[in-house]
Amino acid sequence: AQSVAQPEDQVNVAEGNPLTVKCTYSVSGNPYLFWYVQYPNRGLQFLLKYITGDNLVKGSYGFEAEFNKSQTSFHLKKPSALVSDSALYFCAVMNTGFQKRVFGTGTRLLVSP
Amino acid sequence: DGGITQSPKYLFRKEGQNVTLSCEQNLNHDAMYWYRQDPGQGLRLIYYSQIVNDFQKGDIAEGYSVSREKKESFPLTVTSAQKNPTAFYLCASKMQSEGLGQPQHFGDGTRLSIL
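Chains X and H, in that order, give the protein sequences. First residue of the first sequence: 1, per my numbering; consecutive thereafter. First residue of the second sequence: 1001, per my numbering; consecutive thereafter.
Mixed in with the good hints, there may be bad ones.
Looking from chain X toward chain H, a few residues come up when the C-beta cut is under 8 Å (computed) [said to hold, decoys possible]:
#, residue
1, Ser28
2, Gly29
3, Phe34
4, Arg42
5, Gly43
6, Leu44
7, Lys49
8, Phe67
9, Phe90
10, Lys100
11, Gly104
12, Thr105
I should point out that these hints are in silico values taken from the structure, not numbers from a laboratory. By construction, the Cβ of each residue, glycine as well, lies at the ideal position given by its N, Cα and C atoms.
Bound conformation, chain H alone (with noise of 0.2 Å):
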């Protein structure tokens, strides 16, 4: 079955460490996608990919950093520089050929907590 599998489930992360998280997706979407979800806050952009290696900051990406070397992939570091990083972190992907009206379609997170 096709879908977008996020790696690991939960995390945890030491003062001054950087963490990774993977997305890897197998429905051959073009545009992949990483969410922030804070309790009453919603889903905010972090990082957006359209292409392989090519991506695009989102509206909070201060504290992160991505890669898109192939497209089933979209790896998430969380850098020393986010303070903030307790969160659970969504992927999604999104298929770009078929039009902007397609629905994005989500992994089941991550939950990132501090030690």
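Chain X extracted, bound-state conformation (with noise of 0.2 Å):
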């Protein structure tokens, strides 16, 4: 079975610090990993995905993941945050044999001026 942790509900940062959304996965065999965000009332937007290789994934609005096999996670990070990052971010994994996602329960960013 697929399972994805995310184990923050919610993260404080002041702009311009660095900032890091936590995920832990649990797959058989070689997980695809995604990073999604959604705005109020809006739809989940794609920001990156790991499928294989380098470790550091950059994605999107200047946000980039580090793939670590040994302590199954994918984390997201930003080196610089701004107010306008605020907003829900959520991970996902799939395994490469099935066609269903699963989804982690989301973490809330914000971002104080």
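The two chains are supplied separately, each in an independent frame; assemble them into the complex guided by the hints.
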């Protein structure tokens, strides 16, 4: 079975500071990993994905994520947070043998001015 | 511009009533998905379809039905058997031929409430 955990319901950070949103996963075989962002009353927007290759993945809006196979983690990071980054962030995992992907429960990011 | 259109944005259901949520995409995507989003629970898969005239149950299909008569359209019916339908419903699509790693594209959702 596939599963993904986002251990923090909310992350608070001051504008200009680095941010990290955590994600750990459990899957048999090689994982496909994704990060999405959701603004209020909107759908999810794709940020970045890890399929294979370099463990550091760069995505939209200055976000990046680091795949760590030994720790089964895929944490989302940004060197300098913006107030406009405040939103709900979802991590998702898919086993290469399945068509379905499993989403985490989401982490709310609040960036204060 | 290509995208996914969900309608209506807000929908109210009376007791014992079936309601249908619309999802249309002009991205020429093969696969389409319906998710339910509840606070603190993330997204849960209701139904998905990889090709026209074929669909599979997801994790929480009871009380819901779908059809896939056209590639562009994947409507979701919330039946009276779904006793707790209040939620935010999201439709998504994906190109199948480009591999499993393609990201899903999402519509802006329909918020369903009980009258």
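Tested hints:
Hint status for X:Ser28: violated, given a least beta-carbon distance of 15 Å to chain H, over 8 Å. For the restraint placing X:Gly29 at the interface with chain H, the shortest Cβ-Cβ distance is roughly 12 Å, beyond the 8 Å limit, so the hint is violated. Hint status for X:Phe34: holds, given a least beta-carbon distance of 6 Å to chain H, under 8 Å. Taking 8 Å as the C-beta cut-off, the interface hint given for X:Arg42 holds, the closest approach to chain H being about 5 Å.
Interface hint status for X:Gly43: upheld, as the beta-carbon distance to the closest one in chain H is roughly 3 Å, under 8 Å. The beta carbon of X:Leu44 comes within 4 Å of a beta carbon in chain H, closer than 8 Å, and the hint placing it at the interface holds. About 6 Å separates the beta-carbon of X:Lys49 from the nearest beta-carbon of chain H, less than 8 Å, and the hint is met. Hint status for X:Phe67: violated, given a least beta-carbon distance of 13 Å to chain H, over 8 Å.
This hint holds: X:Phe90 has a C-beta 7 Å from the nearest C-beta of chain H, less than the 8 Å allowed. With its C-beta approaching chain H no nearer than about 6 Å, X:Lys100 sits inside the 8 Å limit, and its interface hint holds. Given hint, X:Gly104 at the interface with chain H, holds; its Cβ is 6 Å from that chain's nearest Cβ, closer than 8 Å. With 8 Å as the threshold, the beta carbon of X:Thr105 comes within range of chain H, its nearest partner Cβ sitting at about 4 Å, so the hint holds.
In this structure, the hints that do not hold are numbers 1, 2, 8, in rising order.
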